[in-house]
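Novice: In the order they appear, the protein sequences are chains A and B. According to numbering that gives the first Met the number 0, the first sequence holds residues 0 to 404 in order. According to numbering that gives the first Met the number 0, the second sequence holds residues 0 to 404 in order.
Note that these hints are calculated values from the structure, not bench results. Since the structure is predicted, the reported quantities are computational estimates derived from the model, not experimental observations. It is possible that part of the hints are untrue.
When chains are identical, the list treats them as one kind, so a pair holds in a single copy or across two.
Claimed, not checked - In silico SDA-like pairs for lysine to any residue, Cα to Cα no more than 25 angstroms straight-line:
#1 K41 / R85
#2 K5 / E179
#3 K146 / E25
#4 K306 / G88
#5 K122 / V56
#6 K118 / V56
#7 K5 / K228
#8 K122 / S184
There are 2 protein chains.
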Amino acid sequence: MEEFEKIWINARIVLINENNEITVHENSFIAVKNKKIAKIDKMEKFYDLNANKIFDVENRLITASLIDCHTHLIYGGNRASEFEKRLNGISYEQIAKDGGGIASSIKSTRSESFESIYKNSAKRLEALIKDGVTTLEIKTGYGLDTKSEIKMLNIAKKLEENYPVHIEKTFLGAHAVPIEYKNKSDAYIDYICNEMLDEVNNLGLVTCVDAYCEHLAFSVEQTRRVFEKAKSLGLNVKLHAEQFSSMGATDLACEFKALSVDHLEYINELSIKKMSENNTVAVLLPGAYYFLRETKMPPIELFRKYKVPIAIATDLNPGTSALCSLQLMMNMSAVIFSLNVNEVFLSVTKNAAAALGLENCKGSLEIGFDADFCVWDITHPRDLVCSYLPNSLHYSVQNGEIVNV
Amino acid sequence: MEEFEKIWINARIVLINENNEITVHENSFIAVKNKKIAKIDKMEKFYDLNANKIFDVENRLITASLIDCHTHLIYGGNRASEFEKRLNGISYEQIAKDGGGIASSIKSTRSESFESIYKNSAKRLEALIKDGVTTLEIKTGYGLDTKSEIKMLNIAKKLEENYPVHIEKTFLGAHAVPIEYKNKSDAYIDYICNEMLDEVNNLGLVTCVDAYCEHLAFSVEQTRRVFEKAKSLGLNVKLHAEQFSSMGATDLACEFKALSVDHLEYINELSIKKMSENNTVAVLLPGAYYFLRETKMPPIELFRKYKVPIAIATDLNPGTSALCSLQLMMNMSAVIFSLNVNEVFLSVTKNAAAALGLENCKGSLEIGFDADFCVWDITHPRDLVCSYLPNSLHYSVQNGEIVNV
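The shape of chain A in the complex, shown without the other chains (with noise of 0.2 angstroms):
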């Protein structure tokens, strides 16, 4: 007789196949072991088993978690009084000359407590956790100096002990010129490469690098110092690149191995067909196309024809995508974007993993992999993306876990 830990049983289990279709396996249980998914098959192989805890999800959908690879959950303050303005018809450009943007939530995520932003990034993470996340990636980028990054950084780690959730932590320094550095960002690059890096390395919290390569940031050069030293202390690199322009940014990344590049309304064939032969993510970001009301799509046909594996992510933050669920996301992608049923589910699950550089152990529901899923009150993937319902989540499980929020 196999012994388990747990298992749970009469379930309709979704599975991810040799060419990446979902398929719904009807009748099934999924055993637990050592945190581990141990074995997944039909009711009726079940008889031979044994575990300490047994869980009738009575016939529900059990899916991998989802996996939010892309957020700026945590920050202070917030711009909803900005927004405001915009609605009011102020310009961007005066709200910018008042302060307004990202200069204020740097300024804010400076001078607010960490106990403050620890409250309000809880709350965020809260939400993302009722939706079914139980993996997400959160970047720095509003401290821009090394004391605030690494506030950010331990605000992090504490929201990953204090609640049932894989947390990768992205350093995000080249996120915009901070003001003591204002038209200095070549001076900034080098605090970044010569003191910043190496301090926050230094804490061993952080896995990856990030930069945003655009007009109104840093340039294509700029980004390649900074990918040399991550790469120089053995971390991974993603890339914020041709949101509003073309720069080529996405072919530097390609040469630097990144696991993602995100955005990527502006990108180009040739930098797509790179994509493909370095097998980066692309992260497709709806909320923010849809809070700045943008018009220009990202080229989804291209990503199909070349086979680039696609992730949606929320883009959590205060300016341009304050939407903190991802289940919403998985229905925009599909009513803005236009990505299928099978497209969504892979974004938010094993494509996410992989932005993360996370597909060896999580966004799919395998024998070894990480026990993390997601019990829901529906029949099929497509409820999740044919419609927005945000009492869907039945429960997830996490590490083993039953998750309660």
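Here the structure of chain A is known, so what remains is to put chain B in place on it, guided by the hints.
Specialist: Positioned in the frame of chain A, the structure of chain B alone reads:
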């Protein structure tokens, strides 16, 4: 010493002044007696009062609770598969030819059991309640025969008995031409006017009659017959109109003193003027606009010019707005329709109450009004508009009772 049943203290209370502007009152309390709002004042006036129960909301924000004034929440089946087909490139025409579209919801609603439809509808209702909704409208219109329309109304009645909400029930027999009346729409209108509406009205559940006046549904003349019958029974009327074309249906609605006209993307200035003269509410439905990828916006500036009250609702339905969150609609009406914070807040409170004929008892925190309010984990109504954080509600109160769902 004044006596009350319950007092919520240490609140920041959002009121609406005589100019329809929202105002935030710091350090205040709200007292309830006989399920009505009995007193609102500053905390320094609190010490002369007595109450059986006192709730300290610890400086949280209290607003009137939210009102969803246009929903098709009760239906059999779902249309996710149909939406999936569209994502896979199958045309809407082909789907309709295969029995999809509204015909599919009518088929499911007729055949599915009371219990099954009740259970799925309750799940959707729970999502709205968690959003802060304590009053909503539910339309019939997926039965389209006396028996099935009455089944829908009895489901609405049972939902209202089992959940802490007030439900306005609207008869929408003239939603579509059912299959047994194909090419005989006048005969179907005869059936509504000579039989169905009388039988439905005898139940005493319905307060309002709605119709869908559009080329793909009913003509202005057919709608007139339904409205005449409704008025003869002493019922209010409202109308789905000008969603895909301008048919002048709004003028008809104003002639019958309609509570609201809903959708309105294609309304012209003259009709807007008539709405203004009649005090008819314009109910805008950003969810349907988003879901259908519409590009013609409702003429917001003209509604402002003629001071037509604007309400916003989910239009929750299986085919064209499968989005179960009024808070999300608040964000969409700002992002997509560029309504400002004040307009959005009124659109789901005071104006939504007016769209249901409830402006004298709901939608605003006034003495003598129903004690329906929300206690929020936010600092200002703008937070509900400028971002989407689905767990913003601390709890709501309906009829003076704290809601637990």
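Novice: At 25 angstroms max between alpha carbons, let me know whether K5 reaches K228 within a copy, between copies, both or neither.
Specialist: Answer is neither; intra-copy 44 angstroms and inter-copy 62 angstroms both fail.
Novice: For K118 and V56, with the copy left unspecified, which applies at a CA distance of at most 25 angstroms: within, between, both, or neither?
Specialist: So K118 and V56 pass the 25 angstroms test across copies only (17 angstroms; inside, 33 angstroms).
Novice: I want to check one pair: K122 and V56. Are their C-alpha atoms no more than 25 angstroms apart within a copy, between two copies, both, or neither?
Specialist: between (28 angstroms within a copy, 18 angstroms between copies)
Novice: Go through the copies and call it for K41 and R85: within, between, both or neither, with a Cα cutoff of 25 angstroms.
Specialist: Intra 55 angstroms, inter 33 angstroms, cutoff 25 angstroms: neither.
Novice: State whether the alpha carbon distance between K122 and S184 is at most 25 angstroms within one copy, between copies, both, or neither.
Specialist: Classified as neither: same-chain Cα gap 34 angstroms, cross-chain 53 angstroms, threshold 25 angstroms.
Novice: Are the CA atoms of K146 and E25 at most 25 angstroms apart within a copy, between copies, both, or neither?
Specialist: neither (52 angstroms within a copy, 36 angstroms between copies)
Novice: Since the copies are identical, ignore which copy is meant and state whether K306 and G88 lie within 25 angstroms (CA to CA) inside a copy, between copies, both or neither.
Specialist: between (42 angstroms within a copy, 19 angstroms between copies)
Novice: Could you figure out if K5 and E179 sit no more than 25 angstroms apart (CA to CA) within one copy, between two copies, both or neither?
Specialist: neither (55 angstroms within a copy, 53 angstroms between copies)
In summary, the numbered hints that this structure violates are 1, 2, 3, 7, 8.
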